Amino acid sequence: MSSIELLTNKEYKYGFVTDIESDMIPRGLSEDTIRLISEKKNEPEFMLEFRLKAYRNWLKMEEPQHWPNISYPKVDYQDIIYYSAPKQKPTLASMDEVDPELIKTFEKLGIPLTEQKQLANVAVDAVFDSVSVATTYKEKLKKHGVIFCSFSEAVHEYPELIKKYLGTVVPTNDNYFAALNSAVFTDGSFVFIPKGVRCPMELSTYFRINNSESGQFERTLIIAEENSHVSYLEGCTAPKFDKNQLHAAVVELVALDDAEIKYSTVQNWYAGDEEGKGGIYNFVTKRGACRGRNSKISWTQVETGSAITWKYPSCILQGDNSIGEFYSVALTNHAQQADTGTKMIHIGKNTRSNIVSKGISAGKSNNSYRGLVKVLAGAEGARNYTQCDSLLIGDKCGANTFPYIEVSNNTAKVEHEATTSRISEEQLFYLRQRGISQEDAVSLIINGFCKDVFRELPMEFAVEAQRLLGMKLEGSVG
Amino acid sequence: MVQATTEKSSYRTAFDAMQSADEHALPAWVLRLRETAMERFEHIGFPTTDVEDWKYTNTGAIAKGAFAPVAAGAGEELSAGDVGAFLAPEASSRLVFVNGIYRAEFSATENLPAGVVVADFAEAFAGEHESVLRSYLARPSDPETDGFNALNAAFLREGALVYLPKGAQATRPIQLLFLSAPAAQAAAVFPRVLVVAERESAATIIESYASAAGESRSFTNAVVEVFVGENARVMHYKVQRESEAAFHIATTNAKLERSGVYDLTTITLGAQLSRHGIGVRLAHEGAECWVDGLYLVGTGQHADTHSLIDHSSPRCASHQLYKGILDGKSRAVFNGKVFVHRDAQQTDAQQSNKNLLLSNEARVDTKPQLEIYADDVKCAHGATVGQLEEEELFYLVSRGLHTDLARNLLTYGFAEELVEKIRIESIKQQLDEAILNRLHARLEV
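Sequence lines, in order, name chains A and B.
Here the first sequence stands for residues 1 to 478, numbered as in our numbering.
Here the second sequence stands for residues 1 to 445, numbered as in our numbering.
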């Protein structure tokens, strides 16, 4: 009773491979590769310039292998296929033209794309390897003036919006992986919510890596104009391969006056096997700019997958009275490593931020919270509250907290609290003596530990997240 | 990372002169230790802000400061009266150093309990306790040490040894006073303190730093090592009130044996740039430490505290409370790491850093860190940065207090938690005075 030990993990059920013919380019990265990608996507000149500029920056940068609390063998960037698309033109008039094999794949993942089966009230953009294969509810959204489409489509249809916003939140020279993404990204989602519109449904992108040799480099750009509102969800899975695969995405959010963007992620990339063989390197840059007054950006993430997670969804609070939020549950098991957290940069007056981070480490995994709260001299009345809790299951894992707090304004109020503990024996004992099995009791306690984050998730996702967490730790405590 | 050669060579010149002067006076191991340390310093130089641990503190002014290591003399005109102002009356024995050089005429060691040794290094090197110094000082140099630690070891010459044999109880505090006095060239001094408390012994150490005359510009680079034996208890106060033109870099390292208790309280009032690195290693079961401090800084001052509480054994406890009051254009840095090793089950580690910003030009960078590799632990840390509570102010003002007075009262109250902890009346008074002076200065502005 006194020892809570991790035994095994339940099978990763999304680990299948879809047998589909792909259009691939040769592996390796050079200016020619980038020109080839740009050409394949039939991009306007400004996109090629953007890519090349990013690539030249990338060449001068160094991979951030020293400061994060993660370790992995050097990635061979010449051994990756930077473009892989299912053979068939992805510009489709209707769902009927989508390869049935793809529809089946997404159905198997719980994301039905055909009209009659579509999820009620959730519009989905499905991204398979390098390209978007289908976007549902496009027409309905258009009626409200909402643009929701693949990034490639947006480049052609709305070049002026792309030109105006792309790279303004995450510049091409921001960091190593963002620069790489800017050079080679192949697709992603684009969302534009016009002035005064409240998006009538949840928008969602589902990412699927299928090809064992390719990396996934997608780009998401969400713009919420004055007084608009949108809630966006993101999910992802990948087959089980022995080889590590790189996923380097960039997400940029822009919120103008009185706008609100809620961005939720349930990340369940393949995490590798129990010995840490295989799995996705999830090196992601996510950042939102609260440009307008009273704007709000809220990040919610449930991170359960990936061999390595390196991501810090951030908010730049420029507009006066703007609000940034970050709610995170990060679960690591077996040999997983996670170094994740957030950055809240307070620039405008009376800006507020709230950070709730819950880390759970099991097996021989390592889980770190790394965060920055920065209050600049002009941020009168800025306010931050941070709560970081860690739960350790077993004595071979690690839990770390690295919060940076930099305050240059005396009217600011910043609070940070962190605790680390294991599942309390008293709580377990109480539940056990009520006749609840050990496993259910642990699951109940863990779900309670994460409640502050789960309740920020949209309904469907909250259920999914709880199930996922239970599944990840199932059979693991005895 | 490596500084320009001209800077280094001024230390090298002084170093070579010191080595040849001491060639026959000191044991060979000291000379060897110094040579290794000097080479290490020349190799790594002073840390720069590129190093994570020095990210918020720029020591460029020290590297460029043209400080000269003091060989002899300077401050000789100081009288017993001048020194008296800096003595803690509670202490019955004391060692006084002026610009790093031991001054027997101001020191007193005759009232010590049997077996307890309080001696300056020159005496210790020559006497029967040379072996104590050798076994604790002559260790292979730690590759983790920074340039300041290396430089201190390179200039190891003057210092204080406090040795408590098994069961010895030094009931009255022992004071180690390091005064800086104006010198021909701005002085670089390298105090070194070694405290060895063998099993079941107990002592209270007051380590004070002050400037004898007004605005003297000096560079103090101190290293203090404390070894707390089984069931031994060491209370340690570090009071730094050097001139606001001074540079003060200090390292305090403690190692605790089974059930040893170490209680450190640091008070930082002076220096334009101060940095205090603290490392406490809870090496055996049941050890417990308190590491508390208060920094009170105003315009032109920068105070940095870096601590590492290293839980390497099971059932140890650590408590840490650091409070900062920042006024004017001042800056404070706090970095507190708690490291819990795989085997250190049932660790209880608490840490808190609270900062009060009185001016809109003050800046705080705080980074409390937890690194935990054992599961059965209770670890918590917290950090806050803020100003006085409007509601509390309103309450006092509504009772008829002038706003400024109300502010001062609340500020004083913020520091009170730490002031109260101090068991030595004279330090408490000094601190009270310093806080009140700072607050009065505000009233007059």
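Incorrect hints may appear among the rest.
Distance condition first, Cα-Cα at most 30 Å in a straight line; then the derived DSBU-like pairs of lysine-lysine [unchecked claim]:
(1) K349/A x K354/B
(2) K55/B x K413/A
(3) K413/A x K166/B
(4) K64/B x K413/A
(5) K55/B x K343/A
(6) K349/A x K60/A
(7) K108/A x K277/A
(8) K163/A x K451/A
(9) K13/A x K74/A
(10) K108/A x K87/A
(11) K104/A x K349/A
(12) K378/B x K451/A
(13) K364/A x K378/B
(14) K349/A x K364/A
(15) K349/A x K329/B
Hints listed in this document are in silico derivations from the structure and should not be mistaken for laboratory results.
Quick caveat, the model's predicted, so the values are computed rather than measured.
Taking the hints in turn, this is what the structure says about them:
Of the supplied pair hints, the one linking K349/A and K354/B holds, its CA atoms being roughly 23 Å apart against a limit of 30 Å. Under the criterion of a C-alpha separation no larger than 30 Å, the hint pairing K55/B with K413/A is consistent with the structure, at around 23 Å. For the hint pairing K413/A with K166/B, the CA-to-CA distance comes to about 49 Å; that exceeds 30 Å, so the pair is violated. Taking the CA atoms of K64/B and K413/A, the gap is near 37 Å; set against the 30 Å cutoff, the hint is violated.
Between K55/B and K343/A the alpha-carbon distance is near 18 Å, which keeps this suggested pair within the 30 Å criterion. Simply put, K349/A and K60/A have alpha-carbon atoms about 36 Å apart, too far for the 30 Å limit, and the pair is violated. A C-alpha spacing of about 25 Å is found between K108/A and K277/A, which places the hinted pair at or below 30 Å, so the restraint holds. Under the criterion of a C-alpha separation no larger than 30 Å, the hint pairing K163/A with K451/A is inconsistent with the structure, at around 40 Å.
The straight-line distance between the Cα atoms of K13/A and K74/A is roughly 29 Å, inside the 30 Å bound, and the hint therefore holds. For the proposed pair K108/A and K87/A, the alpha carbon gap of about 20 Å is at most 30 Å, so the pair holds. For the hint linking K104/A to K349/A, the alpha-carbon distance of about 51 Å lies beyond 30 Å, and the restraint is violated. Proximity of K378/B to K451/A is assessed by CA-CA distance (about 21 Å); at most 30 Å being required, the pair is judged to hold.
Under the criterion of a C-alpha separation no larger than 30 Å, the hint pairing K364/A with K378/B is consistent with the structure, at around 20 Å. Under the criterion of a C-alpha separation no larger than 30 Å, the hint pairing K349/A with K364/A is inconsistent with the structure, at around 44 Å. Using a Cα cut-off of 30 Å, the hinted pair K349/A and K329/B holds, with the two alpha carbons roughly 21 Å apart.
Checked against the numbered hints listed earlier, the structure breaks hints 3, 4, 6, 8, 11 and 14; every other hint is satisfied.
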